[in-house]
Amino acid sequence: MSETSAQQAHVHAPPEGFIRKHVFSLDHKVIGKQYYALALVAVFTGMFLSWLMRIHLVWPDAKIPGLELMSKVGAPGGIMTPEYYLSLLTMHGTLMVFFVLTNAPFAAFGNYFLPIQIGAEDMAFPRFNMMSFWTTFVAWVVLMLAFFIPDGPPIAGWTEYTPLSAIGKDAGPGMQWGASCWGLSIAIFCIASLLGSLNFIATTLDLRAKGMTLMRMPLCTWAWFITSCISLLAFAVLLPACILLVLDRHAGTSFFVPSGIVASDRLQPHSGGSPLLWQHLFWFFGHPEVYIAILPSMGIVSHILVNSMRKPLLSAKVVIYSMMSIGFLSYMVWGHHMFLSGMNPLSALAFSFPTLTITIPATVLTLIWLGSLYGANIQINSASLFALGFISMFVAGGVSGFFLAQPSIDIYLHATYFVVGHFHLVMGVASLFGVFAGTYFWFPKMTGRFMNEGLGKLHFWITFIGAYCIFMPFHYLGLIGNVRRYQSFVDDFMAPYMGVHKFITIAALITGAGQFIFLFNLIYSRFKGKEAPENPWNATSLEWSIPSPPPWNNFGDKHPVVYHDPYQYGVKGSKGDFVMQDSPEQVPASGD
Amino acid sequence: MEIKRVVFVGAVMLAASTLALAGPDPRPAGGTISGKVSYEGTPAKMKPIDMSKEPSCAKMYTTPPIAESVVTGPGNVLADVVVYISAGAPDDAAPSTAAVFTQKGCRYIPHVLAFQVNQELKIVNEDQTSHNIHPLPKLNREWNKSQPPGTPPIIEKYDKAEFIPVKCNVHPWMHGNFAVMKNSHYAITGDNGTFTLPNLPPGKYTVTAWQESYGDQSQDVTISGGETKSITFTFKAKPY
Amino acid sequence: MMWAWRGTMGKFFAVVLVIIAVASAYPIVMHHYPLPEDISTHGHLIDEQLNETMIEAGVAFVGAQLVLAFFLWSFTGRKPGSPLKTFPGGAKGLVVFAFVIVGIEVLALGVMGQKAWASVYFTPASADAVQVQAQAEQFAFYFRYPGPDGKFGGIHPEKIDEGNQNYFGLDPENDVAARDDIVSGELVVPVNKEIHLMLHGKDVGHSFYVRELRLQQDFMPGLDLSLHFTATKVGKYEIVCTQLCGLGHYNMKGYLNVMSQADYDAWLKQQSQ
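Chains A, B and C are the protein sequences, given in the same order.
Going by my numbering, the final residue of the first sequence carries number 1830, and the count climbs one at a time with no gaps.
Going by my numbering, the final residue of the second sequence carries number 251, and the count climbs one at a time with no gaps.
Going by my numbering, the final residue of the third sequence carries number 1641, and the count climbs one at a time with no gaps.
The hints are simulated quantities; they were obtained by calculation from the structure and are not laboratory data.
Be aware that one or more of the hints could be misleading.
Just a few of them, taken from the derived set where beta-carbon distance is under 7 angstroms, the chain A residues facing chain B [stated by the list, open to error]:
(1) G1315
(2) I1317
(3) T1319
(4) P1320
(5) E1321
(6) D1503
Beta carbons: idealized from backbone N, C-alpha and C, even for Gly.
Let the hints inform the model, and build the full structure from the sequences given.
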């Protein structure tokens, strides 16, 4: 795609003044950092909530200091009430899935690096881009408002199944205004995501530099591009679903509530609706959403691995096609969240087969990563540790999917801790490892300084070992039938397993504490980190050909021209064992 | 002559001092309305409560407790009926003591709690399980609160007179009632079905009896002095 | 010195991976977390499928971690100038492996696994199964038997009066069929007899789960759903709610009480009085 007038026409004026430079910025790099900052706040909030949950689970009678300040009604005398546990659970899930896992690997790094990696000066629609971030920010504020309203946050989980979420206060505490905050917040988030995805797609298709064919784009750019395609359709379904939910709650409609419902001794004034409809709409979004959470990390990890291995992957094309297949198949499997919901049992089989089929591209990816490591020259640093750790975690989380994809086995394992272990490993850990890897790798480019390597390695080991300690036992608990979303285990049945739960809680507290090492490293290095050159990792893609941090228009007055794919490693280049994408030098392909 | 005068003066002084010591009468002369609440017909048979879902409460009973929507006593009387002055008496300020509602054995004790507008209501949980008390008023502000074991008592008040059904959100069989009264003239019948409303100044009163399943009935009673007037309420029992 | 340091961490990573793989597999191999006993007629199909899947998943998990460990051990901290090598067969071989071996394996699991699913869902309850209606509400299960007349009374949501133990909203005054209906907090069933459980949701979504029966099904308000099962062992088993239904979800349970036929008949008789 040759450089067109389209590219020149999209340049915006250099930013002037504090507000334009740092607050309402049109610069994709600033917007990327803003998304990252929001994700950082959300992830520490979400982690704090999970600490409270884990502590309450194993010490339900404990008076938690300070909890009464958070909510007098939710924790009288510091003892957490059952509904407050569910509020924390709901907010934890919502914050983590939307504001961390959709924001950090996709919106944050994608915004920052996609334009640079394709050789563009900014996104196709910088104003939309700015709106996307600030709309996301408003969505976050509306969600957090739920903590401050008298009845508290909603208690129906991040999945907000109806009728529980649709009938209002008769369903329980937090289901009056808290659930409305949720519905409104997510609807606003959908709008922001739609704007963002449009931007990514238009930018990728239209603004690539001369010589940057689609197949020469780095794997993380491909991942962001595929993710934004999925995201467009997925959020387009969640948005009306949330609107319909808010209408059911406030406008007297009955999209999701049938007749004859009696809650709090009151016959609910609804009829004709279907709770199953909410589940279909939600999961039609919800399943692609989890691939939105993992694909960018797959791309980031692939990108970093190649650099750390000093040799290309066995086939970048296969990786691209695998990611595309995962994206495509992700739309055909949503019913596997609903095997036991009461939908036609034949449809369970119809959903089960594509779900099992997704194993194939996922296996291809894993085998390509592993196979590429063979014969490589692996450099160990904080970024590559997390990239390698991603492979381990992705496999760990992925194999539990074999079980859940089969409806027969799901009869037993549905809604147990087995499911919780599965999705935490793939989303909460693997996806986050991609974010950590990206942070350590790209920090020198974004700030001109290195993060502290020693602290980074310490952070990795605590997180890697800690995550296994926390989430591997969840699978065992699921096998014995430990049901999820319980605020406390009051039955004799669970008594023998409380030791396991205690172990998990302690591991969670220690691993969580380890994340403060990362936070400290991030903030300290921003100001006091060792200065980094332009290309500290001897990398090939376009972001390493510009200063650290990049100027407002990325490439200055130059319009980059691309001559190679981004994985020219293990070759005899003039600068070392690599050739940069914008370097015209031709080297023979490296062979064994 | 001298002795008669002394005795007379002495008697007057004695009478005067007795009157002085007695002081003015602190209460106006009060009449009393008392009586009995009974039923005619066959009341529905109250079923035993199945607490199997909550073993920590179920184990407190050797035989399962019986539901309390209609509590009868010997002689076809009704217990747990609130009898009160619904008209003719001025509103009273709330007493300073709290009305206590206890959750014990996964039941509400007492089944019907009467207290005054703006009187402090104190809710206590003596069970090993968490309860979530949910009164369902129509006039007052609706709220519900969880009370895990070990948490402090819940303190609330109501500012409008009303009969409020109370349920536990966690244990469906738990039901009770709050009778929020405007004045201090109320009583709840016991197992003998009787009630007494003392200290009523002269006036025309409307006495109302309320039973949670059978509704309410009223009668007018006039008190002229310190007499006791006796009335009976008879509710028609419903077989279902 | 830098090379040696980096090599050490790579090798340490490999060792950690091996420990993690072995430690994760150990509790499974040693059966430390056994499934609860199976008291159903169809459960063995599920258990067999689960074990089959566990072997394959276990091999894939442990295998992948060990391969990663081996490559990390071998290919970190290499001497400068060591030649780069390509995995034999390259990408093509791996893609073929993924499609053919893994693909067939995984799809075979799916095909074989549908037997268990079919036995629960594709066959209707037999005509002489014991009919019981289950109602899930915030936060208890109640079960209704038709009583001696063999007919269930109608459900009238506006007549629900829980303080009076009328959980189903029956109208015995006007509905004769409802007068002898038996309502119980326990699901009492005779052993070795098929039970037809009809699920009715009163308020929000709930779910019926008995681990020992290998049975789980959501209640969907507005939908008439049903399950059938045969319990093969006398005893008391927990029924727990597995669909988040509000603040009391953690405490929403009941008991499946499997009795001998004689005990069951005696219980029914006693309830009818």
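Structure-based check of each hint:
The criterion of a C-beta within 7 angstroms of any C-beta in chain B is met by G1315/A, whose closest approach is roughly 5 angstroms, and the hint holds. With its C-beta approaching chain B no nearer than about 5 angstroms, I1317/A sits inside the 7 angstroms limit, and its interface hint holds. A hinted interface residue such as T1319/A counts as satisfied when its beta carbon comes closer than 7 angstroms to some beta carbon of chain B; here the least separation is about 4 angstroms, so the hint holds. Hint on P1320/A holds. Least Cβ distance to chain B is approximately 6 angstroms, under the 7 angstroms limit.
A cut of 7 angstroms between beta carbons decides the hint on E1321/A: the least distance to chain B is about 6 angstroms, and the hint holds. Restraint check, D1503/A versus chain B: the minimum CB separation of about 6 angstroms is within 7 angstroms; hint holds.
Going through the hint list in order, the structure satisfies each hint without exception.
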